[in-house]
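Protein chains in written order, with my numbering: chain A, 19 to 354; chain B, 19 to 354; chain C, 19 to 354.
Honestly, the hints are just simulated from the structure, not real lab data.
Certain hints may be false.
[As the list claims (entries may be wrong)] Every beta carbon over 12 Å from chain A, so not counted as near; a handful from chain B, in silico:
no.: 1; residue: Glu96
no.: 2; residue: Tyr121
no.: 3; residue: Pro193
no.: 4; residue: Val225
no.: 5; residue: Ala241
[What the hints assert, rightly or not] Simulated pairs of lysine-lysine, DSS-like, Cα-Cα distance not exceeding 30 Å:
no.: 6; chain 1: A; residue 1: Lys183; chain 2: A; residue 2: Lys55
no.: 7; chain 1: C; residue 1: Lys44; chain 2: C; residue 2: Lys183
no.: 8; chain 1: B; residue 1: Lys44; chain 2: B; residue 2: Lys286
no.: 9; chain 1: B; residue 1: Lys55; chain 2: B; residue 2: Lys44
no.: 10; chain 1: A; residue 1: Lys44; chain 2: A; residue 2: Lys55
no.: 11; chain 1: A; residue 1: Lys55; chain 2: C; residue 2: Lys286
no.: 12; chain 1: B; residue 1: Lys55; chain 2: A; residue 2: Lys178
no.: 13; chain 1: A; residue 1: Lys55; chain 2: C; residue 2: Lys178
no.: 14; chain 1: C; residue 1: Lys55; chain 2: B; residue 2: Lys44
no.: 15; chain 1: C; residue 1: Lys55; chain 2: A; residue 2: Lys55
no.: 16; chain 1: C; residue 1: Lys55; chain 2: B; residue 2: Lys55
no.: 17; chain 1: A; residue 1: Lys44; chain 2: A; residue 2: Lys132
no.: 18; chain 1: B; residue 1: Lys286; chain 2: A; residue 2: Lys44
no.: 19; chain 1: A; residue 1: Lys286; chain 2: A; residue 2: Lys132
no.: 20; chain 1: C; residue 1: Lys286; chain 2: C; residue 2: Lys132
no.: 21; chain 1: B; residue 1: Lys178; chain 2: B; residue 2: Lys44
no.: 22; chain 1: B; residue 1: Lys178; chain 2: C; residue 2: Lys286
no.: 23; chain 1: C; residue 1: Lys44; chain 2: C; residue 2: Lys132
no.: 24; chain 1: C; residue 1: Lys44; chain 2: C; residue 2: Lys55
no.: 25; chain 1: B; residue 1: Lys132; chain 2: A; residue 2: Lys55
no.: 26; chain 1: B; residue 1: Lys183; chain 2: B; residue 2: Lys44
[Stated by the list, open to error] A few chain B residues facing chain C, derived, Cβ under 7 Å:
no.: 27; residue: Asn63
no.: 28; residue: Arg67
no.: 29; residue: Glu73
no.: 30; residue: Gly80
no.: 31; residue: Ser153
no.: 32; residue: Pro195
no.: 33; residue: Pro197
no.: 34; residue: Arg312
no.: 35; residue: Arg313
no.: 36; residue: Val315
no.: 37; residue: Ala318
If you're wondering where the values come from, they're calculated on a predicted model, not measured in any experiment.
Backbone N, C-alpha and C fix where the C-beta goes; we use that ideal spot for every residue, glycine too.
Letter by letter, the chains look like this.
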Amino acid sequence: MRHFLTTEDWGQDELQAVLDRARALKAGASSSALEGKSVALVFFNPSLRTRTSFEIGIAQLGGRGIVLDARSGTWPMEFEPGAVMDGDAEEHVIEAARVLSRYVDMIAIRCFPKFENWEAEREDPLITAFSRHASVPIVNMETIVHPCQELAMMMALQEKLGDVKDKTFLLTWVPHPRPLNTAVANSAILMASKFGLNVRMLVPDEVYRLDERYMSAAAENCAAHGASFDLTTDVEAAYRGADMVYAKSWGALPFYGQWDGEAPYRAKGSGFMVDEAKMSMTNNAVVSHCLPMRRNVKIADNVVDSPAFLGIEEAENRLHVQKAMLEALARDSETI
Amino acid sequence: MRHFLTTEDWGQDELQAVLDRARALKAGASSSALEGKSVALVFFNPSLRTRTSFEIGIAQLGGRGIVLDARSGTWPMEFEPGAVMDGDAEEHVIEAARVLSRYVDMIAIRCFPKFENWEAEREDPLITAFSRHASVPIVNMETIVHPCQELAMMMALQEKLGDVKDKTFLLTWVPHPRPLNTAVANSAILMASKFGLNVRMLVPDEVYRLDERYMSAAAENCAAHGASFDLTTDVEAAYRGADMVYAKSWGALPFYGQWDGEAPYRAKGSGFMVDEAKMSMTNNAVVSHCLPMRRNVKIADNVVDSPAFLGIEEAENRLHVQKAMLEALARDSETI
Amino acid sequence: MRHFLTTEDWGQDELQAVLDRARALKAGASSSALEGKSVALVFFNPSLRTRTSFEIGIAQLGGRGIVLDARSGTWPMEFEPGAVMDGDAEEHVIEAARVLSRYVDMIAIRCFPKFENWEAEREDPLITAFSRHASVPIVNMETIVHPCQELAMMMALQEKLGDVKDKTFLLTWVPHPRPLNTAVANSAILMASKFGLNVRMLVPDEVYRLDERYMSAAAENCAAHGASFDLTTDVEAAYRGADMVYAKSWGALPFYGQWDGEAPYRAKGSGFMVDEAKMSMTNNAVVSHCLPMRRNVKIADNVVDSPAFLGIEEAENRLHVQKAMLEALARDSETI
């Protein structure tokens with residue numbers, strides 16, 4: 019039995035097999051991999067695309083998705099072993115994971131970090147605890163990484179560019195009114211580096227470095243492919259010759275949960291919106307962003323509405339890559 | 019491809035065809051018009067009947083409904099073109115509509131007006147924007163009109179009265195603790211007038227006129243049928259000889275969003291509850307109200323519990339007319 | 019047509035037949051008892067297991083469950099006959115029950131008491147009103163009793179102990195930060211007594227007696243079986259020789275809704291957590307608790323994690339007993 023918690027646990031070949039299968043599914047292949055099976059979709063945070071694409075994808079595989087809204091529909095959950103549960107939590111993840119494992123054949127979880135304590139939250143404690151106590155496969159629907167989005171992005175990139183090896187991938191920080199989760203940024207560099215692209219990160223300041231876990235993993239992936247991995251604050255150096263621009267905003271980890279001190283660094287990126295002038299410096303790059311996306315704050319309307327924008331295709335691909343991944347997990351699982 | 023945003027866009031013959039099909043479905047006809055298809059049901063406001071009847075109706079047609087609770091389950095949405103999205107909205111309806119169109123085969127939307135600015139809200143901006151950017155049919159589950167309720171009402175009326183032409187339809191304002199959306203009132207006069215009934219509106223004061231868009235449309239419909247269209251504040255004149263009494267409460271548009279000034283006008287209607295004394299003035303009329311309905315505030319118990327009350331039948335008909343309308347849209351749509 | 023509101027309305031033989039069928043279903047028997055049917059699942063309170071197990075169970079029987087979140091997804095409801103509805107409630111249960119009966123084939127309801135007025139709430143007014151006005155079977159998903167949990171508990175007990183007659187069942191009050199609903203405690207003594215176990219209740223003080231309706235019913239059930247029924251505040255007397263320990267916390271009815279005065283009595287039970295020392299006094303007893311359950315507050319980790327703990331099995335059994343009960347109701351119902 020295997021989980022899909024992070025692409026760090028999966029080889030490039032394995033992920034490429036999932037992508038290839040996703041392309042076949044997008045082209046119309048049918049599958050009954052989940053015939054008569056159920057998947058719990060547990061949401062600790064809101065969702066539009068994830069929920070819809072999982073629920074429909076599961077149904078298209080012959081199964082049924084049960085959406086559990088863990089913000090309001092269920093009880094607060096404890097995940098520390100040995101906790102004396104005299105606080106808010108009415109239930110331990112041990113029981114939740116065991117019981118759900120009796121009812122369903124897979125459990126997918128969305129649980130964003132709480133912006134309280136990065137040292138604890140960088141361990142992704144809730145989904146990790148679920149994976150320890152469940153007896154069915156666990157799928158990550160976004161925690162501190164967003165591996166389904168990674169697959170969808172890579173699928174869109176391969177659809178457009180074919181072989182992506184040796185192309186140049188730019189992850190650019192973009193403005194947003196609030197500091198956000200680093201999950202999609204972590205995921206973008208994990209995936210681009212795993213597939214052999216040269217990876218550049220453009221940030222307003224060094225404080226926007228991602229967690230060392232992901233910086234190191236990406237650097238090692240790039241090195242293994244003979245590709246480069248760079249972090250820069252120089253807009254022109256970053257955009258020059260890029261083949262793909264991936265936009266994302268995130269909060270600087272040194273100010274995690276106490277964001278007031280971040281304001282001056284954030285101000286340095288006020289001109290970082292993706293626009294036509296910046297895109298003109300690239301190698302005729304494609305551009306994308308996971309959705310939701312603030313128009314004219316992160317990316318200018320005329321870039322979003324141009325043929326270079328892959329965001330809608332990437333969003334559609336969520337459906338196909340998730341179906342392919344659920345198929346793969348069902349095949350590998352003794353419980354299915 | 020065609021949307022069902024308002025009955026204003028549909029001819030009487032087309033709507034009658036939907037009603038005829040609904041009657042066949044109610045009598046037991048089966049249909050697999052949505053076999054293997056999905057419909058997103060997007061709710062910006064609460065629902066009991068609408069949600070249940072859509073979800074079950076879609077399933078009975080062989081499809082699957084995905085309920086998206088847009089109050090809490092998804093992101094706030096922008097719908098102005100060109101907006102610089104630095105406020106609350108995380109997502110533009112352009113992306114939401116395009117992406118949902120990749121996942122599902124139809125999108126149904128409930129979005130009540132916000133009681134902030136009638137000049138803007140009378141354009142029904144959210145559902146209109148969705149219909150512009152989606153590539154699948156859009157269905158109105160109540161915005162500033164409630165066209166599914168119109169169909170259900172007309173079906174109940176035809177079941178009871180047969181040919182409704184030249185009958186007299188009274189829309190009476192009734193008390194309620196708060197000012198409400200005008201959607202069902204707008205819809206009642208649109209539908210009754212389209213089917214050739216004489217239409218009377220009984221209101222406590224002229225300030226309760228509905229928006230001119232609907233007053234004019236109803237007056238023109240009536241004129242085209244040689245039927246009468248009247249607004250009155252005289253209870254006896256309104257009820258005398260009526261064949262159907264439709265009860266509904268709504269807020270007066272001149273006080274839209276600043277309701278304090280409405281109180282003295284509202285007080286004039288304190289005796290407007292539908293009761294046996296008023297019903298005795300009619301031509302043995304039937305009576306109805308969309309649900310939910312406050313008993314003994316809008317309609318007295320002994321009228322609700324009498325055989326003249328069509329409200330339960332009308333509510334059941336929601337299931338049948340919606341199935342018939344979804345069938346019609348699926349037939350007309352290239353995407354289905 | 020028959021409802022499942024409380025096990026008080028069902029004989030031991032009838033319940034045993036449901037349990038026997040549940041065991042067959044757990045062993046793999048299939049059923050299409052709800053083929054093409056729909057069940058409304060109406061939740062006035064949160065749920066993890068109940069919702070998931072009902073939704074999956076209904077699907078496994080060939081039907082479809084429609085989850086209605088009555089806390090936020092629908093309108094507040096009135097249930098007093100003749101009420102002048104000028105308060106918060108927009109809808110009377112009469113209309114809700116009648117309309118849902120037109121759409122679905124069964125209605126399951128969760129509605130906890132409000133902790134306002136036990137004299138009124140002990141009549142279980144909402145589900146009772148639903149059962150009066152609906153024309154389809156009503157199923158209790160927990161109100162002031164929790165009959166599905168009773169069946170699941172008895173099934174787990176019979177799986178472990180075989181014939182339970184003449185065994186000794188201890189319901190022990192356990193600590194919890196807040197006063198809780200008495201439903202599961204009421205249910206535990208109803209069910210254990212109906213199946214002929216000797217029933218002991220361990221409470222910190224006499225003020226934790228359950229409502230006389232349930233105390234009398236349990237005492238009568240025990241008497242009919244020649245079994246004993248005791249309430250004690252003596253921990254050792256309670257545990258000594260017990261075959262099953264069932265843990266549950268609840269609020270003392272004399273302080274219902276005005277809990278401040280309960281604190282000194284609650285303090286007397288501060289040592290009532292189920293732990294190894296207490297378990298060592300039993301007749302090698304099994305132990306259980308409905309979920310959710312606070313570890314190390316209600317039951318110590320080393321008891322929960324021991325083979326004596328039946329809580330996960332009991333939770334799984336919810337799926338099987340509910341399927342068996344829905345089958346039985348469908349068989350008895352003219353509407354199905």
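How the hints compare with the structure:
At the 12 Å boundary, the C-beta of Glu96 (chain B) falls inside the reach of chain A, the nearest C-beta of that chain being 7 Å off. With 12 Å as the threshold on Cβ separation, the claim that Tyr121 (chain B) sits away from chain A is violated: the shortest Cβ distance comes to roughly 5 Å. Look at Pro193 (chain B): its CB is around 33 Å from the nearest CB on chain A, clear of 12 Å, so calling it non-interface holds up. Interface exclusion of Val225 (chain B) from chain A stands, the closest Cβ pair being 39 Å apart, more than 12 Å.
For Ala241 (chain B), the shortest C-beta to C-beta distance to chain A comes to about 45 Å, beyond the 12 Å cut-off, and the non-interface label holds. The suggested pairing of Lys183 (chain A) with Lys55 (chain A) is violated, with an alpha-carbon distance near 38 Å, which exceeds 30 Å. At most 30 Å may separate the alpha-carbon atoms for a hinted pair to count; Lys44 (chain C) and Lys183 (chain C) meet this at roughly 23 Å. Restraint check for Lys44 (chain B) and Lys286 (chain B): not satisfied, since their Cα atoms lie roughly 41 Å apart, outside the 30 Å limit.
For a cut-off of 30 Å, the pair hint linking Lys55 (chain B) to Lys44 (chain B) stands: about 22 Å separates their Cα positions. With a CA separation close to 22 Å, the supplied pair Lys44 (chain A) and Lys55 (chain A) stays within the 30 Å bound. Proximity of Lys55 (chain A) to Lys286 (chain C) is assessed by CA-CA distance (about 48 Å); at most 30 Å being required, the pair is judged violated. Among the hinted pairs, Lys55 (chain B) with Lys178 (chain A) is consistent with the structure: their alpha-carbon atoms are about 28 Å apart, no more than 30 Å.
Pair hint Lys55 (chain A) plus Lys178 (chain C) holds up; C-alpha atoms about 28 Å apart against a cutoff of 30 Å. Between the alpha carbons of Lys55 (chain C) and Lys44 (chain B) the distance comes to roughly 16 Å, so the proposed pair stays at or under 30 Å and holds. Distance restraint check for Lys55 (chain C) and Lys55 (chain A): the Cα-Cα separation of roughly 19 Å lies within the 30 Å cut-off, and the hinted pair is therefore satisfied. Only pairs whose Cα atoms come within 30 Å are accepted, and Lys55 (chain C) paired with Lys55 (chain B) is accepted, the gap being roughly 20 Å.
With a CA separation close to 35 Å, the supplied pair Lys44 (chain A) and Lys132 (chain A) exceeds the 30 Å bound. With a CA separation close to 62 Å, the supplied pair Lys286 (chain B) and Lys44 (chain A) exceeds the 30 Å bound. Taken as a hint, the Lys286 (chain A) and Lys132 (chain A) pair is honoured in the structure, with Cα atoms around 26 Å apart against an allowance of 30 Å. For the hint pairing Lys286 (chain C) with Lys132 (chain C), the CA-to-CA distance comes to about 26 Å; that is within 30 Å, so the pair holds.
Restraint check: the Cα-Cα separation between Lys178 (chain B) and Lys44 (chain B) comes to about 15 Å, which is no more than 30 Å; the hinted pair holds. Restraint check for Lys178 (chain B) and Lys286 (chain C): not satisfied, since their Cα atoms lie roughly 67 Å apart, outside the 30 Å limit. Between Lys44 (chain C) and Lys132 (chain C) the CA atoms are separated by roughly 35 Å; this puts the pair beyond 30 Å, and the hint is violated. Our distance criterion of 30 Å between C-alpha atoms is met by Lys44 (chain C) and Lys55 (chain C), whose separation comes to about 22 Å.
Restraint check: the Cα-Cα separation between Lys132 (chain B) and Lys55 (chain A) comes to about 42 Å, which exceeds 30 Å; the hinted pair is violated. In summary, the hint linking Lys183 (chain B) to Lys44 (chain B) is supported, as the alpha carbons are separated by about 23 Å, within the 30 Å threshold. For Asn63 (chain B), the interface hint is violated, the least distance from its beta-carbon to any beta-carbon of chain C being 10 Å, above 7 Å. The interface hint given for Arg67 (chain B) is met, as the beta carbon of that residue sits about 6 Å from the closest beta carbon of chain C, less than 7 Å.
Annotation: Glu73 (chain B) was flagged as interfacial toward chain C, and the flag holds, the nearest CB pair being 5 Å apart, inside 7 Å. A hinted interface residue such as Gly80 (chain B) counts as satisfied when its beta carbon comes closer than 7 Å to some beta carbon of chain C; here the least separation is about 11 Å, so the hint is violated. Interface restraint check: Ser153 (chain B) against chain C, minimum CB-CB distance 28 Å, threshold 7 Å, status violated. With a cut of 7 Å, the hint placing Pro195 (chain B) at the interface with chain C holds, because the nearest CB-to-CB distance is about 6 Å.
Taking 7 Å as the C-beta contact cut-off toward chain C, the hint placing Pro197 (chain B) at the interface is violated, the least distance being around 14 Å. At its closest, the beta carbon of Arg312 (chain B) sits 4 Å from a beta carbon of chain C; the interface hint therefore holds under the 7 Å criterion. Interface hint at Arg313 (chain B): satisfied, since its Cβ lies 5 Å from the closest Cβ of chain C, which is below the 7 Å cut-off. With 7 Å as the threshold, the beta carbon of Val315 (chain B) comes within range of chain C, its nearest partner Cβ sitting at about 5 Å, so the hint holds.
Checking Ala318 (chain B) against chain C: minimum C-beta separation of about 10 Å lies over 7 Å; hint violated.
The structure fails hints 1, 2, 6, 8, 11, 17, 18, 22, 23, 25, 27, 30, 31, 33, 37 (numbered hints given earlier, in ascending order).
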